[in-house]
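Asks: Letter by letter, the chains look like this.
2 protein chains.
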Amino acid sequence: MAVQSAESKVDVLIVGAGPAGVMCANALSLAGVNVRIVDKRDAKVATGQADGIAPRTTEVFQSYGLADRLLREGCRVYMAAFYNPNETGGIELSNRAPDVTAPSARYPFELALHQGAIEAIFLDSMKTRGVEVQRSTRPTGIELSTDAAELVDPTSYPVKVTLECLSLDGTAHHEVVHAKFVLGADGAHSWVRNAFGITMDGEQTDFIWGVLDMVPDTDFPDIRNKSLIHSNNGSCLLVPREAERIRIYIQIADTDVCDPKTGRVDKDRMSPEQLLKVAQKSLIPYTLNPTNGINWWTLYIIGQRVASKFSVHNRVFIAGDACHTHSPKAGQGMNASMNDSHNLAWKLAYVLRGWAPISILSTYESERRKYALDLIAFDKIYATLFSGKPVTKENVNGVSHEQFLKTYQTFGGFTSGIGVHYDRSVLVSENAHPTLVRNMVVGERVAPQNFVGAADSTPYNLQDLLPSDFRFKLLVFTGDFNEPIQTRKVEGLVKSLERPESFLNKYPRERFDITTISKGNKLEFDYLKVPQLLRPHWSKVLLDDTDVSGTIGGKGYAYYGIPDEGALVVVRPDGYITIITPLDGADEINKYFAGFMNA
Amino acid sequence: MAVQSAESKVDVLIVGAGPAGVMCANALSLAGVNVRIVDKRDAKVATGQADGIAPRTTEVFQSYGLADRLLREGCRVYMAAFYNPNETGGIELSNRAPDVTAPSARYPFELALHQGAIEAIFLDSMKTRGVEVQRSTRPTGIELSTDAAELVDPTSYPVKVTLECLSLDGTAHHEVVHAKFVLGADGAHSWVRNAFGITMDGEQTDFIWGVLDMVPDTDFPDIRNKSLIHSNNGSCLLVPREAERIRIYIQIADTDVCDPKTGRVDKDRMSPEQLLKVAQKSLIPYTLNPTNGINWWTLYIIGQRVASKFSVHNRVFIAGDACHTHSPKAGQGMNASMNDSHNLAWKLAYVLRGWAPISILSTYESERRKYALDLIAFDKIYATLFSGKPVTKENVNGVSHEQFLKTYQTFGGFTSGIGVHYDRSVLVSENAHPTLVRNMVVGERVAPQNFVGAADSTPYNLQDLLPSDFRFKLLVFTGDFNEPIQTRKVEGLVKSLERPESFLNKYPRERFDITTISKGNKLEFDYLKVPQLLRPHWSKVLLDDTDVSGTIGGKGYAYYGIPDEGALVVVRPDGYITIITPLDGADEINKYFAGFMNA
Chain X
1 MAVQSAESKV DVLIVGAGPA GVMCANALSL AGVNVRIVDK RDAKVATGQA
51 DGIAPRTTEV FQSYGLADRL LREGCRVYMA AFYNPNETGG IELSNRAPDV
101 TAPSARYPFE LALHQGAIEA IFLDSMKTRG VEVQRSTRPT GIELSTDAAE
151 LVDPTSYPVK VTLECLSLDG TAHHEVVHAK FVLGADGAHS WVRNAFGITM
201 DGEQTDFIWG VLDMVPDTDF PDIRNKSLIH SNNGSCLLVP REAERIRIYI
251 QIADTDVCDP KTGRVDKDRM SPEQLLKVAQ KSLIPYTLNP TNGINWWTLY
301 IIGQRVASKF SVHNRVFIAG DACHTHSPKA GQGMNASMND SHNLAWKLAY
351 VLRGWAPISI LSTYESERRK YALDLIAFDK IYATLFSGKP VTKENVNGVS
401 HEQFLKTYQT FGGFTSGIGV HYDRSVLVSE NAHPTLVRNM VVGERVAPQN
451 FVGAADSTPY NLQDLLPSDF RFKLLVFTGD FNEPIQTRKV EGLVKSLERP
501 ESFLNKYPRE RFDITTISKG NKLEFDYLKV PQLLRPHWSK VLLDDTDVSG
551 TIGGKGYAYY GIPDEGALVV VRPDGYITII TPLDGADEIN KYFAGFMNA
Chain E
1 MAVQSAESKV DVLIVGAGPA GVMCANALSL AGVNVRIVDK RDAKVATGQA
51 DGIAPRTTEV FQSYGLADRL LREGCRVYMA AFYNPNETGG IELSNRAPDV
101 TAPSARYPFE LALHQGAIEA IFLDSMKTRG VEVQRSTRPT GIELSTDAAE
151 LVDPTSYPVK VTLECLSLDG TAHHEVVHAK FVLGADGAHS WVRNAFGITM
201 DGEQTDFIWG VLDMVPDTDF PDIRNKSLIH SNNGSCLLVP REAERIRIYI
251 QIADTDVCDP KTGRVDKDRM SPEQLLKVAQ KSLIPYTLNP TNGINWWTLY
301 IIGQRVASKF SVHNRVFIAG DACHTHSPKA GQGMNASMND SHNLAWKLAY
351 VLRGWAPISI LSTYESERRK YALDLIAFDK IYATLFSGKP VTKENVNGVS
401 HEQFLKTYQT FGGFTSGIGV HYDRSVLVSE NAHPTLVRNM VVGERVAPQN
451 FVGAADSTPY NLQDLLPSDF RFKLLVFTGD FNEPIQTRKV EGLVKSLERP
501 ESFLNKYPRE RFDITTISKG NKLEFDYLKV PQLLRPHWSK VLLDDTDVSG
551 TIGGKGYAYY GIPDEGALVV VRPDGYITII TPLDGADEIN KYFAGFMNA
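First to last, the protein sequences are chains X and E. In terms of UniProt numbering, the first sequence opens at residue 1 and continues consecutively. In terms of UniProt numbering, the second sequence opens at residue 1 and continues consecutively.
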């Protein structure tokens with residue numbers, strides 16, 4: 001029996017409470033946005049599924065104040081071990097290398113934690129602000145207004161969604177929701193994507209993989225490292241996990257598992273016991289047995305596809321698996337998903353607060369679809385190498401260890417998420433001073449560096465001063481503030497920032513945060529000499545000096561390549577650099593904000 | 001109306017829920033000891049009172065898994081600033097120096113946090129194990145058995161305490177509690193101490209100080225550093241605190257506040273406004289005003305006294321302010337108190353579990369009373385210097401800045417708590433190999449050093465492998481395990497540890513934890529080659545190598561001064577080193593444990 005309920009309105013309706021959905025819901029709840037999130041499942045994922053957190057994603061968690069729990073609960077993977085065939089028909093260790101090869105990673109490890117635990121971090125966070133997932137609820141209809149005026153009016157509710165909610169007794173209630181924006185974070189088989197006929201471009205590969213989760217009993221020496229194993233009996237990937245578990249990805253022949261009639265993977269043609277036997281064979285001479293049975297298993301064929309578009313009129317968006325599917329072995333899926341909605345959330349908040357026009361939302365697709373295409377391109381190379389037969393005397397055209405290792409390390413910036421680069425757009429300025437600050441790149445995230453508070457000598461990681469709090473951050477690198485020439489430049493900057501046309505006066509101050517970073521000696525510096533405008537709080541003046549122990553900090557200017565004459569750096573709410581200028585560049589910054597910001 | 005209730009039994013009754021009491025109650029609850037804690041106050045301290053946590057105390061918090069919250073909530077004080085009279089009659093900055101001068105401090109800062117927040121950390125922790133403070137409850141009678149046989153029988157309940165508990169309606173209920181042990185953690189005016197006629201040895205000083213808490217409005221440049229101010233208008237000490245507050249200690253003349261008849265401090269003769277005026281005068285030319293009134297204030301005369309004994313027949317103990325009173329300006333009071341009961345708790349647990357005889361409890365007094373005497377000796381020097389007039393042209397015999405600074409830094413090991421040294425006793429062996437491990441000292445705590453896990457390259461601080469979990473820790477420094485000569489030594493050690501007379505066989509294994517630390521390269525080491533006895537879990541084999549980032553670890557052997565031929569180090573449950581031997585020294589360790597441990 002279906003019961004019709006009343007209609008309602010919401011600013012943002014999120015469909016799907018997987019990683020992309022809950023990241024977005026939590027961020028919007030933090031911004032105070034009127035948000036609602038529904039999921040057709042009646043409970044969150046309990047086990048299995050995606051579980052790798054890349055270094056950049058951990059930085060993003062930290063920017064939301066959520067990294068502590070992630071770090072406490074997750075299993076850290078620091079080291080990768082590469083195994084290859086030896087002379088006796090088994091495998092042997094070729095070498096070990098750091099799993100994360102991006103040198104600027106703040107967290108130089110991957111984190112393994114099951115998807116349910118990751119989602120719980122967001123669910124618990126947003127619950128403190130009263131936002132919870134409405135479960136057993138799915139959309140059954142969606143309509144987007146075709147009225148051009150309505151579509152560009154930020155106060156309108158142009159998306160009409162019909163939701164079906166199942167009660168415990170099986171009764172289906174229907175509800176019509178009018179939303180300003182809808183996010184389809186509803187997975188690889190996205191209902192929202194299909195409802196708008198968005199196609200997935202790309203293809204299925206021939207690589208078929210099985211996955212096993214277990215607590216191992218083994219004499220394999222790298223059982224607590226990520227082990228990439230090429231054997232003459234097939235490839236496998238072994239990843240350590242929380243609670244003494246490991247996960248193994250095992251390559252299998254398609255003839256073993258495909259239904260010859262349909263060509264589709266048929267799970268009934270494979271059992272976890274069979275999969276385990278394949279894994280055991282590829283690990284010879286080492287032994288591997290589950291101590292307590294197989295905890296979870298699955299089979300998949302790698303599909304490498306990207307949605308043809310990520311948005312419909314900037315009113316309906318898709319994110320996560322709804323946008324891109326690829327191999328899970330480089331551990332990218334969940335990371336790409338969460339970073340999709342991290343990218344989108346602050347932009348939605350700006351539009352809903354009236355701080356920016358709807359048009360800025362186009363950058364979601366331009367930034368994240370390009371990233372997804374890069375991801376697929378990488379995945380093709382990587383998955384092919386991974387699935388390839390190892391080079392041997394008999395198979396001279398196989399994949400060599402050197403070739404694989406080089407690829408693994410070359411793509412380290414990409415797989416860590418550190419190397420993400422957003423191209424020029426209304427939100428990312430042209431890099432008009434490309435040589436000014438050598439190691440800060442417009443369109444990339446700010447690398448971690450430690451400074452000390454000028455007022456109290458507390459060491460601060462600059463990333464911790466760039467929280468995802470929906471403010472643009474102005475970093476004022478003064479050079480040596482006590483040098484008269486720099487003092488004068490800083491006075492000039494303050495005059496410039498005090499003019500009526502300055503972004504600090506044109507727009508409400510709450511949208512901006514200012515941190516001043518000087519060269520200087522903590523034993524002598526007087527932070528009260530820094531002009532008041534540049535030190536909204538005593539904690540906002542930093543020095544490029546070591547902490548009291550002499551071990552932390554003091555290398556920031558050199559690391560970033562900040563010149564003696566100083567620089568201004570503006571960072572977006574999501575942590576990406578948008579513009580870099582000299583200290584007298586306030587007008588360029590005014591122009592940047594004038595490009596998209598509403599007064 | 002008083003109602004008589006039934007009698008009850010408890011293993012440990014703690015009187016007083018201040019820092020010493022809750023530290024002990026939490027530790028005993030962790031050990032699963034039947035413990036009860038009562039306090040005469042009806043609520044915990046809300047504001048004011050002691051608030052400085054020294055570096056060693058933070059390490060102790062960490063050993064109980066409680067440092068995260070302390071670090072999150074507390075205000076870190078990294079820097080000390082020294083101000084002295086200048087030519088114009090005001091004060092000026094002489095210099096700044098790290099506030100903590102103990103080079104091995106893991107946490108190179110003092111933490112300021114009000115006493116109620118510190119107590120809450122323990123209260124919340126012990127509540128998870130079902131232990132809560134029974135408030136509005138005080139002892140009105142206490143009797144200790146004089147039966148010698150009963151006193152040495154660990155299963156007896158020789159202490160009879162009568163408790164009076166006030167209900168909300170003012171009704172007093174009485175209860176008789178029979179306890180195996182009683183801890184009087186009931187403050188400077190300890191009822192328990194007085195009940196047994198324990199005297200306080202020492203004297204009152206002539207130094208009178210006032211204390212003010214406020215959120216300041218000021219142009220004083222070191223308002224967020226600890227500032228030690230000697231002016232011709234008096235001395236004051238300024239300590240930054242959490243929530244934008246500061247605390248000021250202000251020296252005042254006894255004529256201003258003492259009742260001429262009794263010679264006692266009379267709070268009615270002083271107001272916070274008068275105190276503030278004294279502070280303002282000593283800060284000239286800087287201004288200081290409370291933004292929101294005075295949050296808390298008090299007056300005190302420094303008394304420097306130590307109890308003549310800390311225990312009665314090892315059945316009734318006193319701890320904290322009940323044992324020692326001294327000046328608060330070196331921030332030692334609360335630290336000494338918590339470390340008293342940290343010292344006592346594991347010993348009580350061992351006796352109550354039947355793992356050791358009651359006689360080990362004598363080391364509580366021998367270790368902590370000596371510490372208290374050292375503390376008073378230090379305090380006399382420090383308080384005199386602090387209260388002394390600064391040297392000037394007119395006052396050539398005054399305290400010079402150099403003299404004060406030198407004293408401040410000389411006692412850094414002491415004030416940080418890092419330098420605590422427990423002398424030889426049944427629980428601290430003679431240092432039979434004093435030159436074997438140069439920088440580990442029997443009787444002192446283990447300094448922090450980073451190593452990496454041999455199985456997974458995770459960096460670990462060795463202190464985190466020495467939790468306050470009531471186990472003795474055996475650290476096996478193997479030297480380079482892959483060197484044949486060291487491999488043979490380790491095999492010899494294992495044989496020795498496997499003999500029936502080995503402590504590992506003589507006593508239940510649950511009392512011991514083993515960590516093996518080898519020199520070696522994380523890219524090559526195979527932890528499975530380490531004998532099973534020395535790796536109870538894959539995480540228990542460490543390497544003296546850097547982590548994957550190359551920035552953490554790799555200096556442990558050199559720092560501790562571990563020789564190439566390796567060493568064995570045993571650490572007590574409270575983190576203090578008890579015996580150091582060569583790798584073939586298992587017999588010495590057997591002998592050490594035979595000295596006090598019950599089978």
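What the hints contain is simulated information worked out from the structure, not anything from laboratory work. Because the structure is a prediction, the values reported are computed rather than measured. Treat the hints loosely; a few may be bogus.
You can't tell identical chains apart in this list, so a pair holds if it fits in one copy or across any two.
Unchecked claim - Straight line, CA to CA, 20 angstroms or less: simulated DMTMM-like cross-link-like pairs of lysine to aspartate or glutamate: (1) 406 to 430; (2) 591 to 480; (3) 529 to 92; (4) 277 to 219; (5) 591 to 150; (6) 380 to 501.
Asks: State for each hint whether it applies.
Replies: Outcome of the hint check:
no.: 1; hint: 406 to 430; in the structure: neither (33 angstroms within a copy, 56 angstroms between copies)
no.: 2; hint: 591 to 480; in the structure: neither (27 angstroms within a copy, 62 angstroms between copies)
no.: 3; hint: 529 to 92; in the structure: between (63 angstroms within a copy, 16 angstroms between copies)
no.: 4; hint: 277 to 219; in the structure: within (16 angstroms within a copy, 74 angstroms between copies)
no.: 5; hint: 591 to 150; in the structure: neither (29 angstroms within a copy, 86 angstroms between copies)
no.: 6; hint: 380 to 501; in the structure: neither (50 angstroms within a copy, 62 angstroms between copies)
When the structure is compared with the earlier hints, violations turn up for hints 1, 2, 5, 6 and for no others.
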